[in-house]
Structures are given as structure tokens and as C-alpha cells.
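Protein sequences appear in the order of chains R, H, B and P. Here the first sequence is numbered in our numbering, starting from 7 and rising by one per residue. Here the second sequence is numbered in our numbering, starting from 7 and rising by one per residue. Here the third sequence is numbered in our numbering, starting from 7 and rising by one per residue. Here the fourth sequence is numbered in our numbering, starting from 7 and rising by one per residue.
These are computed hints drawn from the structure, not numbers from a lab. Some hints could be false.
You can't tell identical chains apart in this list, so a pair holds if it fits in one copy or across any two.
As the list claims (entries may be wrong) - The list that follows gives simulated cross-link-like pairs (lysine to aspartate or glutamate, DMTMM-like), each with its CA atoms no further than 20 Å apart:
1) Lys127 x Glu179
2) Lys155 x Asp271
3) Lys126 x Asp234
4) Lys342 x Glu246
5) Lys406 x Glu216
6) Lys433 x Glu417
7) Lys393 x Asp296
8) Lys244 x Asp80
9) Lys419 x Glu246
10) Lys78 x Glu218
11) Lys370 x Glu216
12) Lys340 x Glu216
13) Lys155 x Glu128
14) Lys154 x Asp80
15) Lys237 x Glu222
16) Lys75 x Glu128
17) Lys278 x Glu307
18) Lys154 x Asp233
19) Lys373 x Asp163
20) Lys108 x Glu407
21) Lys381 x Asp131
22) Lys340 x Asp232
23) Lys126 x Glu105
24) Lys440 x Glu417
25) Lys110 x Asp233
26) Lys342 x Asp296
27) Lys340 x Glu283
28) Lys110 x Glu417
29) Lys342 x Glu224
Number of protein chains: 4
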Amino acid sequence: MIFDKFHEECGVAGVYGDKDAANLVYLSLYSLQHRGQEGAGICSTDRHNFYLHKSLGLVADIFSNSILKDLKGDIAIGHNRYSTTGANNISNTQPIFAEINKGKIALVHNGNIVNASQIKKELVDSGSIFMSTTDSEIIIHLIARNSKKSLIEAIIDSLSILKGAFSLIFMTENSMIGVRDPMGVRPLVLGKIRGGYILASETVALDLVEAEFIREVEPGELVIIDDDGIKSLKPFEKVEPKPCIFEYIYFARPDSIIFGKYVYDIRKEFGKRLAVENPVDADIVIPVPDSGVVATLGYSEISKIPYEHGLIRNHYVGRTFIEPSQSIRHFGVKIKLNPVPSIIRGKRVVVVDDSIVRGTTSRKIVKMLREAGAKEVHMRISSPPTKFPCFYGIDTPTRKELIASTHTIEEIKKYITADSLGYLSLKGMYECVKNLPFCDACFTGNYPTMYGDGESENKC
Amino acid sequence: MIFDKFHEECGVAGVYGDKDAANLVYLSLYSLQHRGQEGAGICSTDRHNFYLHKSLGLVADIFSNSILKDLKGDIAIGHNRYSTTGANNISNTQPIFAEINKGKIALVHNGNIVNASQIKKELVDSGSIFMSTTDSEIIIHLIARNSKKSLIEAIIDSLSILKGAFSLIFMTENSMIGVRDPMGVRPLVLGKIRGGYILASETVALDLVEAEFIREVEPGELVIIDDDGIKSLKPFEKVEPKPCIFEYIYFARPDSIIFGKYVYDIRKEFGKRLAVENPVDADIVIPVPDSGVVATLGYSEISKIPYEHGLIRNHYVGRTFIEPSQSIRHFGVKIKLNPVPSIIRGKRVVVVDDSIVRGTTSRKIVKMLREAGAKEVHMRISSPPTKFPCFYGIDTPTRKELIASTHTIEEIKKYITADSLGYLSLKGMYECVKNLPFCDACFTGNYPTMYGDGESENKC
Amino acid sequence: MIFDKFHEECGVAGVYGDKDAANLVYLSLYSLQHRGQEGAGICSTDRHNFYLHKSLGLVADIFSNSILKDLKGDIAIGHNRYSTTGANNISNTQPIFAEINKGKIALVHNGNIVNASQIKKELVDSGSIFMSTTDSEIIIHLIARNSKKSLIEAIIDSLSILKGAFSLIFMTENSMIGVRDPMGVRPLVLGKIRGGYILASETVALDLVEAEFIREVEPGELVIIDDDGIKSLKPFEKVEPKPCIFEYIYFARPDSIIFGKYVYDIRKEFGKRLAVENPVDADIVIPVPDSGVVATLGYSEISKIPYEHGLIRNHYVGRTFIEPSQSIRHFGVKIKLNPVPSIIRGKRVVVVDDSIVRGTTSRKIVKMLREAGAKEVHMRISSPPTKFPCFYGIDTPTRKELIASTHTIEEIKKYITADSLGYLSLKGMYECVKNLPFCDACFTGNYPTMYGDGESENKC
Amino acid sequence: MIFDKFHEECGVAGVYGDKDAANLVYLSLYSLQHRGQEGAGICSTDRHNFYLHKSLGLVADIFSNSILKDLKGDIAIGHNRYSTTGANNISNTQPIFAEINKGKIALVHNGNIVNASQIKKELVDSGSIFMSTTDSEIIIHLIARNSKKSLIEAIIDSLSILKGAFSLIFMTENSMIGVRDPMGVRPLVLGKIRGGYILASETVALDLVEAEFIREVEPGELVIIDDDGIKSLKPFEKVEPKPCIFEYIYFARPDSIIFGKYVYDIRKEFGKRLAVENPVDADIVIPVPDSGVVATLGYSEISKIPYEHGLIRNHYVGRTFIEPSQSIRHFGVKIKLNPVPSIIRGKRVVVVDDSIVRGTTSRKIVKMLREAGAKEVHMRISSPPTKFPCFYGIDTPTRKELIASTHTIEEIKKYITADSLGYLSLKGMYECVKNLPFCDACFTGNYPTMYGDGESENKC
């Protein structure tokens, strides 16, 4: 999935009880880089002072050895962020740190609070000040305003007010607390690392630092890690879990266990089912790399159409890439993808992608394949049509920009100039995940939590 | 005045009603660089959005043309900051910006609130969160918590609670507000610039941007600048003004008008009076450059001892200067000062400095002069002995580190190994300023505003 | 291919006769980033002055819009460099520029001159000075020392002395000259771009800037591009071409045409033949991504063993990645690769890589797959055993570090702890390339050009 | 002396036989920063490898602790550079390093070779290549081309060909060699530092690192420092010394011993003599800081006109200072200087500067003083009229831009709008320096060494 699609969401990680806490969080963030490339930060504590470093850029560019050395202590939490908006953008990076009546506290957040604007308005009306535009600052304010004596009680009270998605890691002077919203929209996993514990968005973080995967933090669970060990609370009203199906479709790394399953396996199932539902007579099937690779393998397996790696991706695309001067025409997707004409030429080509957002990238890919000599181009999408924006942490365009929201499949096919277009059906998708409950709002519009009027801002 | 003395305090500036507002604030901060060299920032508004850039470093290094271009709008405020403490230091740079129930607001602050800890504690207790350790954040919280409908009323209420020194510039979407505390501890001046207005810590800022000096903002005055022009309020209880005498002694630039007088003139008076009070038979009188130059001219004029520029200062000392490896011994004051032996050799030398803090620098200077061949070294200080820390915005060491607090003049003389040591008397100092009231707490311990128990943190 | 293997060699590009010359070279270098990631540079001319910018780092990080704007003129050449050795490393980046008796000249070079040390010695003995350690500086000296009046004649004379590999692009005030050594070891292609011409290491550069591929510069050919058009010379003694077979095996991008064939096609043939020569009963075949992907597809096609993408690569590995502190053990290949256990577990796995250098990476990969649950691990290599170092532009370790130079295949199998190990045979490899002549010295030790005694330094 | 005047020339330093060699050279360059602010570099050797770091910027910004640590070895040389011209500017920073037939060699150079173009042409004609535009590269080429077996003989032969000014420090694997041209135009001093030796442009470098001043390197002397100690050669034909009088007038720091005298003493003599030759009835005499300070003290002493520090200089002017947007008018000298009106108002002011180049700055200063209320402004210059460009290392404008070259003193007075203008006479100047021989070409046009036709480029 390229360019004109969803921005990726955030990644979080935390380590408790290891003298290399900041180093281990650094490695974790590095393995979660695919969840956000615009900024990152780590906050650590030596159980007295808090140390914070955050900046715009990639994890590997933000932290140096001397910076990591300054992030002292045996507890640390970190965050990868995807978007930069507003002049005040460094203020929006995480972790956020604050001094409140319950002591010093730091927080990282993956998700989106749909009633954020309303809560913020109430807080502002009663005298809170906001120095960033992140949901996380709202959470800190709620905790600070809460009259409960204990921090844990205050956290529970505060989070109970929130509607939306949140996988959070709090850090205090003596503890690390992981929380997942009652629907469990965003993932969060728990592991054992040497003498301590680790929390992270995906299991790949645990793999890299050689931590042992214990289990997922469950929807609605609050995991408190301190010197007494781990304590688990389930203080929220129980609701049906609604994990985000898009973690399987696109976001998470294929080598991660998300919601109990390897992403690779589910993603391949999607591809298989896509082949069953949308067969086509063709010579080769190729992925839009890298996100389309696994589904394409599934498609190939069922359809018996040979898999080829017909589009080559340039991985050196960086944040700072300069568009050429205006007299050179816009290169768009060519900066990232280039076809292999000898594979494509004279062939009937099936090209598999995970989703279509605005349709402009798909249109360019079809054009590129035809110019490389494809006789036919059949686009196959390993998810249902994306018709509705996400309010739970994925940066989608507004509804009217989502091509499937305003066009039929036949119209989309014409727009992207493909010979045929097939999507995975909603029913097919659910069968791949054993008909377990998921949030499918982006396909159906059935948003599991009421959200305010109008379109919410989408934050991570 | 060098190294082991007071750190310098902050500088503030604001421009209203000029399309080059950020550019003009940039130049103003540049001319006020002597008031703080550790960080700077500018916040501007196009009357809708707020644009903010702040960083550690010197003004000329922080802002580029493209950054200034992004600071859009015709209102802008800026700040020079002197100190970097804590891991969270970028959070402590100013301007600070917040969204509150009265709209968007930005603030710069020169001074120190002595009851900050107590107010902060109350705010935190009732649910405010603190993301920096600046007094300025306290002020924003007080305004946000205030139930008054109008911003101006809320500002007045909030500032009425504060004890201490504050020269502030607020910026809202449609106005710029300058305030000086009732005692007028820190300076703040008002000028006319092309179609608009300018506020700044010192008149040198007005000189550089070719603004016309209107007058000082008066102690206890609130100046509101908006599209209707200037409005002046004096809402605070009237108290005796207590401007900081150290602005004359050391802080302000000699070419600035502070408290109605050119600093140069007062500083020269100090030197003259010092000569009257502390005569000595000597061959030459030399300054500790640059701050001692003007007083030395006064001393020379009265004493008839020839002025020589016997210590040469290296002005290229930067923030990033690297101390040589441990095997090379500590160079201390030598990095900044070097004597001219041909002037010093065989001479009885009077050396004039503005103050002595810990005494270590003075001791090194005396040693340096003796090694350059001075027959006698007589230290003269153009202010009374500094015995008490400042709680109003100057970063002094604690009382026990102030040598004059624990040693007699005779003992100090011995410590710094001078042949004689003479300070300006308090009475003499006051006569130089026509016996007008000033804050002289650093000499007398008579703090004009009650401050809490123990030693306050000193912030700018 | 990962970590402990060959470093990649250099990439070159040049554009003549387009007002966006530097911009187009920038894009070309970007598409050739896989040929060298340690530094890059561009030199341009407005037919009077020469403009040069070069630095360490990735192409996308080195050039900004304002830098590209400063690289004026309608001729430009550029270079991607792979290695940083010595304190003087910026001096070793290219293009190199010099003023000589034939005017101003700039040069980029891909390849390695095997008699460089000897020529350098003679030049130094007769008074030349060397300010870098690149072969390119030797070439400039030879041209300067040459007594021929015309630059072209001097270039021809100078290059005639060289033994080894060189794909060169020269730039003068009025021309761009491409040269390939008589054996044609390194690739160089020619294209038409809008009003002008383009030279580049690989056709992917032409694809990105939408240039039309004309043909390869032929072995021993000198292509002179100026305002009179293109002129071709073949001034060198004709020898049998010996293009580098490793361009097919690993270096070039699969979507490039190298030596007349798409790399993808040849690489897939290698995989097919590997399957024929080294069959094994297994459940899945997986690549070491990204370089092993295409050969793995070939292996799968012939063996009918299903292809899976069982190792996931993290593409965010940057130049600045920090190894964790010593108390965390060395992560090695884990930083780049992570297995998908659900695909691997209980399976007999064939893993296909393009080559084995020291064997340490292969050993880690086998271990990683076993820990992920593989029942058997069969390593297959899509090239013959690499026994000899390269002296023509590839940065190989010395002979004794090449595991295949000192160990039998059986011994290597044991070292890497695989259940079986199979290499592509030399005969098989040649059949894949229609038995055309290639340089196969790294497999056979038959170096096509005599090289000096001892091991040469390997430069790009 | 400000803005529109001479750029400053270069500074050099070298340390032999101290394990902190690079550190000590760093400190030395720091103390010589006034001789060049545009770039700096250090090259060191551990008697086998050479380590080089150079960059544009100030010394304190270029070197970090880790960079200094990488500059290994007990010999190091360094350079401060003043100018950045051409696209290739990093190539022009020094030290320059080269590998030649006599081994590895590095070089720093202060001065200017007037027959550089001619020598370069001959070298280029016979096959040398030039990768920078510095004179230093010429010197290296000459040494490399020389057929003498020994490096010292080759150096002597090569330097014998040069006409112009050169204070050089060479570094080889085992020695450091200091050379001063036969006329001794630029300074170079020798000192003892701990176990080793130091060479530097001025004695202030020795003061800072606490080295003991031994003596100046004499005009025409070659000082060879190696493990056998110091050896002195005087191989060049003896000519009358012609040290640059401008070192006394402006360049050198007042606390340096140059040509056997403290600069401060000579500079003060100039001021005294200026007062004798150009008396005027006035109320105060003020310097153009900082360079005019010492001469002003001399003027005041003789004239009995009180010295005041009437112009305040902002020392924070950095390389990166941004001129405000075009709608704000050009601030010129105001960025650096601001008058003290209370000192100036109603006064007859003598203002002392060291020289007038184009006259534009003097004109602005006079205007500034009048606007501050001066009743009369009398300009006094502590050197004779500057009528001729320098070809020996000072970056002067061309002759026609030098106002004194085309205007009488009366005309200059009118141009700068002063009430009177007086220069130090040539005779007076010489009497201040005991009528010793100096290069006075900038005043008289009597260039001591023949230089080529036309105006030479001026390099450091």
C-alpha cells in the first residue's frame, strides 16, 4: 500500500525493571517503525527524575548513544508517531510528561478518542489549559482533575469517560501501567524480559529484544507492573471486543501475533478467499509490495496462477525526498515502484493490493503495468471496499475522498482503468477470521462507539 | 563580569501591527541577546492561527529565513532565555502557547514569581497539570481557572495573586498586552514602529529596528494594544516602585535607557563614586571587560589614574566550547581573558569589576595580573558586597556560595589575593541614583515582597 | 544478502543537455541507491563554472532543494559511493573535480583499477600529489600528464594504461563522455532524455526519469556527447568481454536490463537451475529477502515446493543505527530479519540466498529458523561457492575470510548447521546465461586481467 | 574596524610532541579566531596515519569532543580561514593533506603567493592537477615535482621559487616544520609546551595553552622540529625584512607580541602620534570598537580629551545572521554598533578608527553620531590613507574601490560628512615603530616583491 492511502498509526513500547530500559525501548520502537515514521520519543525514570527525548524523524536518526545514555533508569516508555500537522508539531510528539497532584507521570498512546473534542471543551471551560493537540493531554488532565486519592482509581475513572480506542502505557516513578480500551481496538502485548517486563504494540518488538511473549493485554484490562510484580484489573464495563480488522489487512507486520493469530496467516487467508471469490483467467499474479505480498501468495496458491515479483520497490524513500523541479513532471508512485517489463510483457496480470483509498495510486499502477506491456490488468483487493473513515486511530481521508464511498466497483474499475476489479467480500473476510467480532466500520459504517456529530479529527 | 557570577536574566520583545512582526521581533531579540543566550523563541499570529518556533542556542543560529517566513502574521512576541536545567529543557523555553477557555494565548516572561511553588501546589492539588517548570505556565493556569468572562479581567485577577517580579507580554488573536509588576522590578519599554507598536525589555531593541521610544511601561501598568490603539490600566494596588539596581550595575546594555536614565551614565557615576570612596595610589586602572568598562572610565576620571585596556576579551566563546581533555589543566577564565603584560608589568594596577559572586574569578584575575608582572593589584567593585541571593529573576548562587555573605571584605581581599579591595558603599550607590527607591535585597537582604520559607528556585 | 557479505559497489549517472540536469541526476542516483549508501555527490556545469556538492549519507538526505538549485547548468554527473574508510573520507567521495592543462574536468567512476598502486607509484615518483585514495584521481593525473593536445586523445591514452574495471563518466565544460573498459566488467547504459542524453549504471535510472533506453555503452567504447550529438569511438585493443556475473546474482536491481537481459529473468533462471541441481524433499521454500526473492521463485517453480515469505525484513535500518549497550547481547542479523513462526513451525524449510561470504550470517539464519520451529533447514545458494576476492569493484573480504575458499561444502554445511547445503554449479550458472563469456574470477580464480602481487585494495 | 573593510587573514598553529596535540591546536585556533572566522581544520598524525577534520564555521562549532578524540597522535597542525568563494569551498579549507613521493604531508598557510598564477600555469602545463584554488596546493606540487631526495631540500627549492608572503607549518609523519618567507611579512612564533613545541601566528595562542614563548621564527628561517629537537636553517637569499604594518594597525590581537613588540604598545603610539599630528578642539574622544580602542586611549592621553566608550558593539553577530525581509530597510552597521546618546548629545566628538576602506561604514558612523546629537564629528584614523590593495594575504577590495586611492582627504571628509578628518602620517607611523623597515605597500604602492601584471587574487 502506497502514498495516497492511510497513513500508518502509532506504535508504543515500555520496559519495566531493566537497567537498559531506554535501550530496549529504543530497539522496540525500531521494530515498530512501520507504525509511524514522523517522530519518536522515549521517557525514562530512575525512580526520581524523569528523562525525556523526543524529536521528528526516524527512530534510528533521533537517538544517539549519548542520548540513550542520558535516558537513565530502569523504567522507560516510548512512542512512534505518524503525522506532523500544525506549527506546534514537536509539542504533539509523545511521550507526554506532566507533573500532577498524583506525582510525575508520562504517557504514550496509540488510538483515538472520539469524544475528545467534547471532553476537551469541558476541561477548557473549567480552566484546563492545552499546550498540545493530542488526546493524551486530555487523559492527563482528567486524571489530574479526578478527586480519587489513588492514581489507579483516578486512571480508571478518567478512562471510563473516554469513547474510542486507546492502547496506553503510563509511567510513574515506581510503576508502568498498560491499558487497552474495552473494545480492544488497538493491540497491546505483554512480555517478560530478563528481570523485568515489556509492553508493546506488536510481538515483533519482543522478538527483537528477545523477550518472552506472555499474552496480550486483554480488551478492557489494566495491567499494573511494579516491584510487587504484575497485577491485572478489569474495571470497565464489559462490552463485545472490536479489534481493528485493518491490523490484519495492512498495519501490523506479518511476523507479529495480533489478536492471537500471526498476521501472516490471516493475511494469506484473505488472499486465498479473494481468489475463490474473484477468479480470473490470467498468466501471472503480482503483489503491490510490500503489504500485498502475503495475500498474493494466498491468491496464487488457490488460483494456481504463478506468483511473480513484478513490481520492484525502492526502500530508500526517505522523509526528506525532494520532488524534482516543476519542469520535471510529477513522478508520484514511480519514486517507489518500478515494473519488471520482461515479466509483464504480453501477460494477463493479476495485481493484488490490500486496499484502495482514493484510487489514484491504483490508477497509476495499472497504467505502469500497461506501459510495461501487460495484455490485461486485473486488480484484486484483499479487503472489502473502504467506504467510511476511521475514527479509532487510522488517518483516513474524509468520506468523500474515499472512492468506494461514492463509486460502485464498476465505476472504480473504470477509474483505475483495470480490466477487472475484485474485492474480498465482507462475509469472506469474516470467515477468514472465524467469524470473530471485529471493528469493520471502515467497510460497513457500523461504528462500535458513538462518536460526535460531524467528522472527528483522526489522531493516533 | 565573567563565569562564576550571576547568569544573565531573560529578554522579551513583542511587535503589534506590522506585517514583518516576526522579523522585527527577531532583530529585537538579537539586540537583547546579552539578557539570555541559552535559548530563544518567537510566536506569531495571523489573527487566526498561532505559529511557534523555539530552540536552544543563540538567536542568530535558531532562526533562518524560511523559519521567519513561516512565522506569519502581524503580531509576534519573543523571548531570550538564559538557563538550561533538567532533561525537559525545550519545554522550558518560551514563548509558551496554550489553548484555554478564553481562546488561544501566548506569553513571554522576564522575572521570577516568588510564591510560584505555593500557587503551583494549589493548582496541582485542584487538578492542573504542569508540562514545564516555568512560572509562565502558572500564569496561564491562573487565567484559565479564573471565572471572569473577559480575558483582561482574568489576567488582572491572576497577576494580583502573584508575588515577585514580572515583565510580561501576552499575545492573543487580536491583541498584545504588556504588564509590569507593581514594583517594576524588571524593565519594559513601549515604542512606536511604523504602523504599529513594540514592547521590549530595553530601548536598544527599539534603536535597532528604528522604532520611536514612547515611554516605559510603568510599574503596575497593563498596556493593551489592539486595533483600537493603546489602552492603559493600573489595576493593582499601588506600592513603592522597587526597580532592580543590578540592571544598572551589570545586566542592561550601557546604551539602553532603563528606569528613565541611560545605563552608561549611572554606571559611570558608580565608578566615580567608587574612586571617591576607595582611592588608592596606582599607575593604571583597568576594567574587567566588557561589563567593567564604563565604571572604570568613571574611576579614572576622578582618580586621575590613567585608564588602560589591560585585559583582552575573546568574544568568540560559544555555547559549544569544548574543555580540553583532562590531562590539560582547567583553563577557566583564560578562555575569556588575557592580560597585556607590557601594560601591566611593574605597575600598581587598579582593576574594576561590577561585582564579586563566589570570588573564584576575581582570584584568577588577580593571579593572572601578577603573573603578567603587576607590582600591586587593587580590586575595586562598582557595587556593594553581594550578600543575598536574588529571588526576582537573577540566577544567583545560594547564600552560602556568595563569598560576601560569609566573609568580611578583609577576608575576601585575602582570598582573592589582592593588595586591597574596595566596594562601592550602599549610601554611595544610592546617591548615584538620586536616592530613588530600588530593590537592593542582594546587598541588604530587605526583600520587598515576602517570599516563602527556604530558598526559592530562581527562574527568569 | 545481508551484513557480512559483499559491500555493494558504486553507481554513476550523468545528464547532458537538460536545464534540470542536476535534478535528473539526483533522481537517477536515488534509483541507484542500492549500489552504494555511504555517500553521494553531484557536479554540474553551466558551461563555464563547475558546481559541486558531495557528502556522506543517503542521496535523499544529502540534497535539498536549495542545494539542487545551486547545481546550475545543463550538464551534470553524479555518484553513489559504498564505503567510508580512513580519516580523509570526504576526500574520497565523488565526483572528483580538477583543473588541468586541458581545462576543468570532473569524473565519476564505478569499478576498480588493479594496477592502480603501480601507476600511482610512478605518478608519485615523477611528482604527482594525491589528495584522495580513489582510483579516479589516478585517471585525472594520467590525463593531465599526457602530452596529446586533445582531451579525447589524452583520455584514450590514459585509459589504455589501466588494467581492471571502469565504467566512467567525464564532464568538461562542453561535453559528457562515457567510457566502459574493454572487458565491460561494470555496466553502463545510454538513454535519450527530452532534449538531451543520459548515462547511468542501470536502466532503472532511465525508468525513473522517463528517459528512453537507447543501448548499453559497449565494452571498450567511448561515447562523446556534445552539442554536435553523440560520437562513438572504440580506441582500445579488442578483448573478449568479461562482464561481472555478480551483477546478475546480487548487485543490480531485478528491474534493470544488464548486459542485454533483465536481471529478474537471469536471476530466476539461476533459481530454477539450482532446484534442478539441488533437489530436496521439503514443505516450503523461503528467500533471504530482498536479494533472494527472485531465485526463490525459480526454485519454487521447478521444485513445486510452495514459496512462502518466511523471513520479514525491517527496511528502516539506517546508517546511524545504534547497537544497544554492551549488557544487551549483540543482535546481529535480528535487526534486519525476523521469521514468521507460524509458517516455519514443523516444516522442512528450504532457504535460498544468493551467496555465502563468511558464513556467519547464514549460520544465524539457520539458527533463527530452527528456533522458529523448522524441522529441517536446507540452505540453497543461487551461485557457485565464492572462493576468491574480487579485484574489479566489489568489496569482498580477503581470501582467507571467504569460507568457501578454505572449507568444503560439507564443512560449510556443518558450520552453518544446516541439514543440507547446495550451491548452483558453475556449469549450471553458465547455461543460464547462454554460455556467454563472463568474469567468474570470484568462483574460479581466473582473473581476466593480470593484477599485481598480493591482494589489491578493493575500491569502487 | 567593521564590515566594509579588509576581511581578516588566516591563523595557523601546530603542536609537536604532546599527546594532546589536537586539543592544544584546537585551543590555539580558538585564540586566533580573530584571524579568520569562515572555516577551520586540524590534521594530526600518530606517526603512521593522518587524521583530518575541517569544515566551514567557527572553531568552537566545528570541533566536538569525539572529533578531537579521533584526531589522534602527538603532532597536529591547524588553520583558521577567512573566506568562502567558489562552489568548491570546502576543498579550499586547510590543512591540505597529500601523499607525495616524499611520503604523507600536510600543510597550513598564512599569506599570499603573488606569482601563484604563473607557477600554477607552469605546473598545469606540465601535467599537475589542481583540486582546490589555494596557494597551498601549489606548494605541495612544487615539492612533489622536485627531484631532490630529501624533503627539506625539496621544500627549500620549492619555496625559493615563490614570491610573496608565507608563514607555513608543514607536518610529516615524524616532524613539524615552520617557515617564514624571507621578508617575514606574516608573523610566526615558536614556543615550548610541556614535552614538545608549538608554532602559532601570534603569542596569544601560547598564552592560552600556557606555552613558553621562545622567539619568533625569523624572516627566511626554516625551523625543523623532530625527535632530535629543533634545527634552524636559513637557506634563502637574505633580503630586507618587510613585516606587514597592518598587523600592528588592525589584524593582530593587542595582547600579542608581533615582530618583537606588544601590539597594544605600538597601537597606542599610533594614537598618540595621531593626536599630535591631528589635534582638534573637542569634548570627548570615542573609539570604533573593538579595533579602535587602544589608539583612542593614546589619542586621549596626548590630547587630554576625555575618553568615552560612546559606541556599543553587539558581539553576538554570527555567521548566520539573517538580514530582515526587504520591506525592512537595510540595517548595515546598526547590527553591530549603537551609540550612547547621553554621552554624545551636544558634544564635539572625535571618533578614532584604524582605517577607512570604502568609506561607507565611516559615513554611517558619522551619521549615527549626528543622529545621537553630536554637535561636531571629527574622524581620526590611526594609519595613513589606504590607497593600494594588498597582495600579501589581506583581502582588500580592488584599487578603485579604495576611497583614498581616488579621493583627496578633503573629498573623503565630505563623503563621510565629518567636520574634519585626519590620518596618521606615513612619517609619523614609522617613527612609532622606530623607523624599522615594514611593508607599507597599501599606503605607498611600493610592493616589496614584484608581482604579476594586473591585480592578483588575494588569498590567505
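Indicate which option fits the pair Lys155, Glu128 if close means a Cα-Cα distance not exceeding 20 Å: within, between, both or neither.
Answer is between: at 16 Å across copies they meet the 20 Å cutoff, but 22 Å inside does not.
Is the C-alpha distance from Lys342 to Glu246 at most 20 Å within one copy, between copies, in both cases, or in neither?
neither (40 Å within a copy, 38 Å between copies)
Please sort Lys154 with Asp80 into within, between, both or neither, judging by C-alpha distance up to 20 Å.
neither (28 Å within a copy, 46 Å between copies)
Within, between, both or neither: Lys126, Asp234 at alpha-carbon 20 Å:
neither (35 Å within a copy, 32 Å between copies)
Intra- versus inter-subunit Cα pairing at 20 Å for Lys342 with Glu224
neither (38 Å within a copy, 30 Å between copies)
Given a CA cutoff of 20 Å, do Lys370 and Glu216 count as a within-copy pair, a between-copy pair, both, or neither?
Result: close only across copies, 14 Å inter versus 41 Å intra.
Checking an output row: Lys155 and Asp271, CA cutoff 20 Å. Within, between, both or neither?
So Lys155 and Asp271 fail the 20 Å test inside a copy (46 Å) and across (59 Å) alike.
Go through the copies and call it for Lys419 and Glu246: within, between, both or neither, with a Cα cutoff of 20 Å.
Cα proximity of Lys419 and Glu246: none, with 36 Å in one copy and 52 Å across.
Checking an output row: Lys278 and Glu307, CA cutoff 20 Å. Within, between, both or neither?
both (7 Å within a copy, 19 Å between copies)
Between copies, within a copy, both or neither: which fits Lys244 and Asp80 at Cα up to 20 Å?
Neither: 34 Å inside a chain and 53 Å across chains, both beyond 20 Å.
Is the C-alpha distance from Lys75 to Glu128 at most 20 Å within one copy, between copies, in both cases, or in neither?
Answer is neither: 41 Å inside a copy and 35 Å across each miss the 20 Å cutoff.
Classify it for me, Lys381 with Asp131: is the Cα-Cα distance of at most 20 Å met within a copy, between copies, both or neither?
neither (63 Å within a copy, 61 Å between copies)
Hints 2, 3, 4, 5, 6, 7, 8, 9, 10, 14, 16, 18, 19, 20, 21, 22, 24, 27, 28, 29 from the earlier list are contradicted by this structure; the remaining hints agree with it.
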